[in-house]
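K.L.:
Given the coordinates of chain A, assemble chain B onto it according to the supplied hints.
For the protein sequence lines, the chains are A and B, in the order given.
Counting from -1, one number per residue, gives the positions in the first sequence under the working numbering.
Counting from -1, one number per residue, gives the positions in the second sequence under the working numbering.
Because the hints were derived from the structure by calculation, they are not lab data.
Beta carbons are placed, not taken as given, at the ideal position from N, Cα and C, and that holds for glycine.
Possibly wrong hints are sitting among the right ones.
Said to hold, decoys possible - Short derived list, chain A residues pointing at chain B, Cβ under 7 Å:
# : residue
1 : Tyr20
2 : Ile58
3 : Val61
4 : Leu75
5 : Leu78
6 : Gly87
7 : Ala89
8 : Asn93
9 : Ile117
Unchecked claim - Here are the simulated DMTMM-like cross-link-like pairs (lysine to aspartate or glutamate), alpha carbons at most 20 Å apart as the crow flies:
#  : chain 1 : residue 1 : chain 2 : residue 2
10 : A       : Lys57     : B       : Glu90
11 : B       : Lys57     : A       : Glu219
12 : B       : Lys100    : B       : Asp153
13 : A       : Lys57     : B       : Glu95
14 : B       : Lys235    : B       : Asp153
What the hints assert, rightly or not - Across the chosen pairs, the derived CB separations fall in these ranges:
#  : chain 1 : residue 1 : chain 2 : residue 2 : range
15 : B       : Val160    : A       : Arg127    : 25 to 35 Å
16 : A       : Arg166    : B       : Ala228    : 55 to 65 Å
17 : A       : His31     : B       : Glu145    : 43 to 53 Å
18 : A       : Arg127    : B       : Asn155    : 33 to 43 Å
Protein chains: 2
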Amino acid sequence: MNDYNHPAARYYQEVSEQCIHYLSIDGVIFGFHQNQLKVLLLRWKGTNEWSLPGGFIRKIESVDLAAQRIMQERTGLDALYLQQFHVFGEAERYNQEETWGKINLPLQNVNWSARTISIGYYALVEYSRVVPAPDFLTEECRWWNVEAIPALLFDHNHIIQVALQSLRKQLNDQPISHLLPETFTIPELQRLYETILGSTLDARNFYKKIMASDRLERLSERRAGTPHKAPFLYRFKSDNFTTE
Amino acid sequence: MNDYNHPAARYYQEVSEQCIHYLSIDGVIFGFHQNQLKVLLLRWKGTNEWSLPGGFIRKIESVDLAAQRIMQERTGLDALYLQQFHVFGEAERYNQEETWGKINLPLQNVNWSARTISIGYYALVEYSRVVPAPDFLTEECRWWNVEAIPALLFDHNHIIQVALQSLRKQLNDQPISHLLPETFTIPELQRLYETILGSTLDARNFYKKIMASDRLERLSERRAGTPHKAPFLYRFKSDNFTTE
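Bound conformation, chain A alone (with noise of 0.2 Å):
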């Protein structure tokens, strides 16, 4: 496996070259589709190992526009709805050498950090519009439900809960409306926070704190194709799709 012409290879002398050691971008991206909350994961080639999408920093790059770039190449979308959640600083974050035999990459010529230092952002999505697109290290891309992701390679797992973690913690700050299409409807709004919270809310109660709150604007139209008493649609008035 000491192929210098391996695609990976040279992408990782490129990386090398152009790119900050040490650091990387690891992206959790969230989705919300049937009623569950969705994170978008790629199939290393060959492999049934699966990871978050990830990239590396250019040396004259911000820190923000390289996780947009990562997160648009995988997404098909550009200007995403981007929050910096955590550094994962640890000095042995996993078992380098278990992990890179899983995926057999021929990295043993390449100049690379015997560490990373990953920055955790999560991006807010609308499902619908994401068009789910691998790498050239990988040969899948999809959906996962967070409640049935498999083990996955690095610390990933971990990276997925404390994603989770500071969502649920934000969540009446975040504008949340990203992950929703333009209008909905109050029960599909509540099985949002009840999907990001793993618990359920009462009806009335959430009814009651969401109206409060002053956030939502109701539309004179109902959701068409449901059975008598349809229910109204809504949408988030538009100071909160204000991003920081």
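P.N.:
Just chain B now, with coordinates in the frame of chain A:
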């Protein structure tokens, strides 16, 4: 100023060999004294220029441990309560030439990074236990009221603002007990909340909410040396001292 033997040049040479390039840690050390929130700042040798304490991460050291080491050196305290709050990753965070000119360091000959990404940590410390200590680049280390901080070197005014915003948002999740002596009165605790939030609170509501949170324990003693109707002393229940 092409002096390889200047202690600063030797320091940066050593850092360049042993530490991770392009990456640093900046520390916002918060203390609370005489009803004021304070931050520990350093004055650079032979100048009237101030900055936050900071430092670099050794190649074999976790990011959290590097932050502990850096803050310990300036405060004399170990096992500090630290909270990572933001990565400052702009490609050009400040005018480098202007900044380095102000502190007059002979860095032309050092193989140093063109750019630094900084991981911001804040520390919550008990003011009275800190013994402020400058490093070899600085000649004074002292507390400043957050409301009276001068124009700082680098982008450190911005970093303090982001730390404060983060502390405000997380006020009820953070063990702010670390900012207080073991025992305190309710009005003292209220003043701490007010100074962090930058606004006054209604005493009766504050008392009701803080007691409802069930985080405090009332002692049988009262504050000594106060006129009659001396207020009771309280302390945080021990599980509130837990750090992440």
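K.L.:
Each hint: holds or not?
P.N.:
Okay, the hints, checked on the actual structure:
Hint status for Tyr20(A): holds, given a least beta-carbon distance of 5 Å to chain B, under 7 Å. A distance limit of 7 Å between C-beta atoms decides the matter here; for Ile58(A) the minimum to chain B is near 6 Å, and the interface restraint holds. Checking Val61(A) against chain B: minimum C-beta separation of about 3 Å stays under 7 Å; hint holds. The interface hint given for Leu75(A) is broken, as the beta carbon of that residue sits about 21 Å from the closest beta carbon of chain B, more than 7 Å.
About 16 Å separates the beta-carbon of Leu78(A) from the nearest beta-carbon of chain B, more than 7 Å, and the hint is not met. Given hint, Gly87(A) at the interface with chain B, holds; its Cβ is 3 Å from that chain's nearest Cβ, closer than 7 Å. Checking Ala89(A) against chain B by beta carbon gives a least distance of about 5 Å; that is within 7 Å, so the hint holds. Because the smallest distance between the Cβ of Asn93(A) and any Cβ of chain B comes to about 16 Å, over 7 Å, the interface hint for this residue is violated.
Interface hint at Ile117(A): satisfied, since its Cβ lies 6 Å from the closest Cβ of chain B, which is below the 7 Å cut-off. Between the alpha carbons of Lys57(A) and Glu90(B) the distance comes to roughly 11 Å, so the proposed pair stays at or under 20 Å and holds. At most 20 Å may separate the alpha-carbon atoms for a hinted pair to count; Lys57(B) and Glu219(A) exceed this at roughly 59 Å. With a C-alpha separation of about 14 Å, the suggested pair Lys100(B) and Asp153(B) falls inside the 20 Å cut-off, and the hint holds.
Distance check on the hinted pair: Lys57(A) and Glu95(B) sit about 18 Å apart at the alpha-carbon level, within 20 Å; holds. For a cut-off of 20 Å, the pair hint linking Lys235(B) to Asp153(B) is broken: about 38 Å separates their Cα positions. Judged by the Cβ atoms, the range 25 to 35 Å given for Val160(B) and Arg127(A) holds: they are separated by roughly 31 Å. Here the CB-CB span from Arg166(A) to Ala228(B) is close to 42 Å, at odds with the stated 55 to 65 Å.
Between His31(A) and Glu145(B) the Cβ separation comes to about 48 Å, which falls inside the hinted range of 43 to 53 Å. The hinted range of 33 to 43 Å is satisfied by Arg127(A) and Asn155(B), whose Cβ atoms lie roughly 39 Å apart.
Against the hints set out earlier in the document, violations occur for numbers 4, 5, 8, 11, 14, 16.
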